[in-house]
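Protein chains in written order, with this note's numbering: chain A, 2 to 342; chain B, 2 to 342.
In case anyone wonders, no lab produced these hints; they're calculated from the structure. Please note that the accuracy of each hint is not assured.
Any copy will do: because identical chains look the same in the list, a pair fits if it lies in one copy or spans two.
What the hints assert, rightly or not - Here are the simulated lysine-lysine pairs, DSSO-like style, with alpha carbons at most 30 Å apart: (1) Lys105 - Lys177; (2) Lys253 - Lys177; (3) Lys104 - Lys323; (4) Lys230 - Lys177; (5) Lys293 - Lys240; (6) Lys293 - Lys4; (7) Lys230 - Lys293.
No experiment lies behind these values; they were computed from the predicted model shown.
2 protein chains.
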Amino acid sequence: MIKVAVNGYGTIGKRVADAVAAQPDMEVIGVSKTSVSAEAYIAKERGYPLYIADLSRKPAFEKAGLEVVGDVEAMIRAADIVVDATPGGVGAKNRPIYERLGKKAIFQGGEEHEVAGFSFNAHANYREAEGKQFARVVSCNSTGLVRLIHALDQAFGVERVRAVMVRRAADPDDIKRGPVDAIVLNPATIPSHHGPDVRTVLPQIDIVTLAMIVPTTFMHMHVVQMDLKSGTTREEVLKVFERHNRIGLIRKATGIVSNAQLREYTQDLGRPRTDLWENGVFEESVAVLNGKEFYCFQAIHQEADVVPENIDCIRAMLGTVKDPEESIRMTNEALGLVPIG
Amino acid sequence: MIKVAVNGYGTIGKRVADAVAAQPDMEVIGVSKTSVSAEAYIAKERGYPLYIADLSRKPAFEKAGLEVVGDVEAMIRAADIVVDATPGGVGAKNRPIYERLGKKAIFQGGEEHEVAGFSFNAHANYREAEGKQFARVVSCNSTGLVRLIHALDQAFGVERVRAVMVRRAADPDDIKRGPVDAIVLNPATIPSHHGPDVRTVLPQIDIVTLAMIVPTTFMHMHVVQMDLKSGTTREEVLKVFERHNRIGLIRKATGIVSNAQLREYTQDLGRPRTDLWENGVFEESVAVLNGKEFYCFQAIHQEADVVPENIDCIRAMLGTVKDPEESIRMTNEALGLVPIG
Numbered sequence: 002m003i004k005v006a007v008n009g010y011g012t013i014g015k016r017v018a019d020a021v022a023a024q025p026d027m028e029v030i031g032v033s034k035t036s037v038s039a040e041a042y043i044a045k046e047r048g049y050p051l052y053i054a055d056l057s058r059k060p061a062f063e064k065a066g067l068e069v070v071g072d073v074e075a076m077i078r079a080a081d082i083v084v085d086a087t088p089g090g091v092g093a094k095n096r097p098i099y100e101r102l103g104k105k106a107i108f109q110g111g112e113e114h115e116v117a118g119f120s121f122n123a124h125a126n127y128r129e130a131e132g133k134q135f136a137r138v139v140s141c142n143s144t145g146l147v148r149l150i151h152a153l154d155q156a157f158g159v160e161r162v163r164a165v166m167v168r169r170a171a172d173p174d175d176i177k178r179g180p181v182d183a184i185v186l187n188p189a190t191i192p193s194h195h196g197p198d199v200r201t202v203l204p205q206i207d208i209v210t211l212a213m214i215v216p217t218t219f220m221h222m223h224v225v226q227m228d229l230k231s232g233t234t235r236e237e238v239l240k241v242f243e244r245h246n247r248i249g250l251i252r253k254a255t256g257i258v259s260n261a262q263l264r265e266y267t268q269d270l271g272r273p274r275t276d277l278w279e280n281g282v283f284e285e286s287v288a289v290l291n292g293k294e295f296y297c298f299q300a301i302h303q304e305a306d307v308v309p310e311n312i313d314c315i316r317a318m319l320g321t322v323k324d325p326e327e328s329i330r331m332t333n334e335a336l337g338l339v340p341i342g
Numbered sequence: 002m003i004k005v006a007v008n009g010y011g012t013i014g015k016r017v018a019d020a021v022a023a024q025p026d027m028e029v030i031g032v033s034k035t036s037v038s039a040e041a042y043i044a045k046e047r048g049y050p051l052y053i054a055d056l057s058r059k060p061a062f063e064k065a066g067l068e069v070v071g072d073v074e075a076m077i078r079a080a081d082i083v084v085d086a087t088p089g090g091v092g093a094k095n096r097p098i099y100e101r102l103g104k105k106a107i108f109q110g111g112e113e114h115e116v117a118g119f120s121f122n123a124h125a126n127y128r129e130a131e132g133k134q135f136a137r138v139v140s141c142n143s144t145g146l147v148r149l150i151h152a153l154d155q156a157f158g159v160e161r162v163r164a165v166m167v168r169r170a171a172d173p174d175d176i177k178r179g180p181v182d183a184i185v186l187n188p189a190t191i192p193s194h195h196g197p198d199v200r201t202v203l204p205q206i207d208i209v210t211l212a213m214i215v216p217t218t219f220m221h222m223h224v225v226q227m228d229l230k231s232g233t234t235r236e237e238v239l240k241v242f243e244r245h246n247r248i249g250l251i252r253k254a255t256g257i258v259s260n261a262q263l264r265e266y267t268q269d270l271g272r273p274r275t276d277l278w279e280n281g282v283f284e285e286s287v288a289v290l291n292g293k294e295f296y297c298f299q300a301i302h303q304e305a306d307v308v309p310e311n312i313d314c315i316r317a318m319l320g321t322v323k324d325p326e327e328s329i330r331m332t333n334e335a336l337g338l339v340p341i342g
């Protein structure tokens with residue numbers, strides 16, 4: 002069993018911990034929090050050993066009925082690998098600790114590529130991860146783009162990508178961020194940083210991205226246009242998506258045309274935390290114009306799509322499973338990721 | 002003085018009426034309402050003669066202290082030209098009345114092109130309107146696209162246009178429509194109808210559009226990408242916009258990066274009803290990549306940008322001013338449309 006520590010038990014960390022616990026070849030040896038919170042009680046409910054950054058806060062945790070096993074360094078020492086799901090920028094500060102203790106670590110998309118020196122996506126570059134001490138799972142938006150671009154690049158060749166990210170304003174439990182009634186250009190300059198981020202995994206791709214933030218909480222919505230190298234049809238593209246195990250087709254027959262309805266659907270499906278781990282591609286939107294010009298809308302669940310990538314990244318880095326498809330299949334099966342459409 | 006009747010005194014009609022009243026060569030001879038409402042009181046406050054569709058409702062208006070001059074047909078008879086600003090689809094039903102009475106009429110973008118047989122934009126096809134009995138001012142989104150595309154087509158030639166419309170959910174006073182927390186694909190199919198609508202004015206343009214609705218009320222946000230025929234620079238493009246009298250550059254120095262801040266700005270400028278009559282192009286977003294690939298974000302005020310177009314359309318159809326630039330200058334001056342940036 003691979004011993005996994007989750008440093009930072011928040012939006013991503015709590016999902017990764019549950020995903021690790023569900024795998025047949027991994028166990029959660031600890032999760033960390035900096036202060037008492039609702040999530041700390043969830044860790045207790047799940048039975049994950051709780052570690053804290055600053056032991057002087059231990060009495061506050063214990064007063065709240067939360068047992069603390071030790072400090073974060075003790076947790077890291079006990080692990081084979083650490084998934085660092087701390088807030089953006091904190092991972093870079095944690096790296097020297099992992100180096101000093103000689104531990105492998107996976108950072109999230111909130112860190113710069115340089116913090117790990119290697120950016121990961123299971124379908125695109127699984128085999129390159131073996132033996133690396135550090136890797137970074139690219140952000141939710143980049144993960145969603147990389148999956149789609151890589152799939153079509155493999156099938157038809159991709160000449161260039163132009164994409165618009167219409168991003169959710171805040172996560173559902175984030176009561177401090179806005180806007181409540183505005184479309185915010187983020188950034189107002191063109192292009193956005195998402196294109197270069199995709200190129201940390203797919204360096205050969207000509208990609209320009211633009212981004213804005215709108216008042217919704219459930220998911221990002223991507224408008225993706227690609228010029229393909231070989232001509233194809235809508236039907237051929239749909240076949241590629243149907244065969245892909247992390248791209249879900251939202252069937253026209255469901256009547257779902259928004260992130261809100263899609264969330265209701267994943268909720269009804271019984272997905273934990275309503276998580277959409279795969280890309281949600283709207284079948285109705287898939288179009289091939291002029292023979293080579295691909296278009297679609299896809300929903301990207303900002304809290305969830307990177308979770309299975311973290312799991313695959315663990316196996317890839319440790320070299321316990323050599324074949325990416327085998328790891329992806331194991332991860333999906335353990336999570337209960339079956340086609341949504 | 003050109004005698005103008007405004008049939009349908011709502012979101013667009015009330016703005017057109019004020020714009021007509023501000024012109025030196027036009028007067029409002031009447032506006033129409035179907036029932037008592039806040040807007041009927043505004044008509045009274047402005048001194049516009051009030052006509053109603055159904056005279057049996059006259060007692061209800063009079064009980065509310067609103068004087069009714071007569072029915073809509075009487076208003077039409079008294080006019081040289083009618084601006085039909087009734088809800089989408091009603092214009093088509095009104096057309097036989099204008100035909101029977103031999104009156105010129107201007108429809109709005111909520112009607113099909115075929116209702117008028119001629120779609121209008123002041124910069125693009127002013128001279129073609131002369132002598133026509135019917136014209137249609139294209140929708141707010143199409144007006145915004147046509148201005149931008151035509152300007153760059155004149156300057157550099159436009160090879161193709163790809164645009165994403167991120168649309169406001171409802172007008173600010175519309176308390177019945179949603180969504181409040183969703184990104185709705187509208188339509189979920191690609192392309193949207195906006196491209197063909199642009200081509201009713203600019204038939205030569207290769208354009209593909211996509212559209213969605215988000216929870217905001219102030220303005221639409223457009224992501225516009227154009228491949229230009231001749232290579233150019235960001236500076237040359239900015240010069241085109243600076244010289245254009247219905248494209249406003251939102252300067253980076255203002256710090257405005259959203260529709261909400263832009264509305265606050267037009268409000269502070271003292272614009273009536275905070276109206277942004279021109280395209281709001283974000284200076285910071287203007288980019289020329291690879292020499293010929295143009296990008297920008299632009300804000301389009303759904304309630305306002307078609308208003309000056311209706312005014313120019315009146316002069317164009319009646320032939321009282323032959324030169325489009327002269328009419329545009331007169332309209333802008335009377336409205337107080339001075340550069341925002």
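Hints, verified against the model:
Taking the shortest Cα distances, Lys105 and Lys177 never come within 30 Å of each other, neither inside one copy (34 Å) nor across copies (54 Å). Only between protomers do Lys253 and Lys177 lie at most 30 Å apart by alpha-carbon distance; the minimum there is 26 Å, versus 35 Å within a single protomer. For a Cα distance limit of 30 Å, the shortest separation of Lys104 from Lys323 inside one copy, 20 Å, qualifies, whereas the shortest one across copies, 78 Å, does not. Taking the shortest Cα distances, Lys230 and Lys177 never come within 30 Å of each other, neither inside one copy (45 Å) nor across copies (46 Å).
Taking the closest pair of Cα atoms, Lys293 and Lys240 come within 30 Å of each other only inside a single copy of the chain (16 Å); across copies the shortest separation is 35 Å, beyond that limit. In the homo-oligomer, the alpha carbons of Lys293 and Lys4 never lie at most 30 Å apart, since the shortest distance is 47 Å inside one protomer and 53 Å across protomers. Proximity of Lys230 to Lys293 under the C-alpha cut-off of 30 Å is found in both arrangements, the shortest distances being 7 Å within a copy and 21 Å between copies.
This entry does not satisfy hints 1, 4, 6, going by the numbered hints stated previously.
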